[in-house]
Amino acid sequence: MDVQTLPGDTTSILHAIRAIRAMRDNLSHLVKQVRDSTDSITTASSEIAAGNGDLSARTESQASALQETAALMEQLTSTVQQNAANAKRADELARAASDMAVRGGDVVQQVVGTMVSIDQSSRKICRRRWASSAWRDFGLGGVCGPHSRWFHG
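Residue numbers for the sequence shown follow my numbering, beginning at 134 and rising by one.
Careful, some of the hints might be misleading.
[Stated by the list, open to error] Distance ranges between label pairs, derived from CB positions:
1. D232 / S197: 33 to 43 Å
2. S197 / N219: 38 to 48 Å
3. L147 / S179: 28 to 38 Å
4. N185 / E225: 57 to 67 Å
5. E201 / T176: 35 to 45 Å
6. T192 / N219: 47 to 57 Å
7. V213 / V249: 28 to 38 Å
To be clear, the hints were calculated from the coordinates, so they are not data collected in a lab. Virtual Cβ for every residue (Gly too), placed ideally from N, Cα, C.
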């Protein structure tokens, strides 16, 4: 700033001093605003850094939880597949047992039919033998006589 003063002119000097003081005050105010802004920026940067750290920790925690969940899903899938295979095998065994039971029932019915046929044939033989006098004469009536179970029926 170029200030020209005349000898004995105190007004110009006072104006210059006031202008310099005003400029100083303005600069001081500007420096304070810059410092306040710098402090705000520093605080905001610290908060952002803390937030980023927190976000990073949560992200890592979620990634770990997702990996654990994926591992558990693989185990669950394996267990479900094993259970399905076991159920299929149990069904096959149950069907085989049912088929064997049906065949066994058929065989039992055939055996019962054969036994009934043998019983009927034995009764006929017993009656015929009793009708012949030789069975009565030799005392074989107890085996195939009127009082035996083979005679009647």
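For each hint, the structure was consulted:
no.	hint	in the structure
1	D232 / S197: 33 to 43 Å	violated, 53 Å
2	S197 / N219: 38 to 48 Å	violated, 33 Å
3	L147 / S179: 28 to 38 Å	violated, 47 Å
4	N185 / E225: 57 to 67 Å	holds, 59 Å
5	E201 / T176: 35 to 45 Å	holds, 38 Å
6	T192 / N219: 47 to 57 Å	violated, 40 Å
7	V213 / V249: 28 to 38 Å	violated, 53 Å
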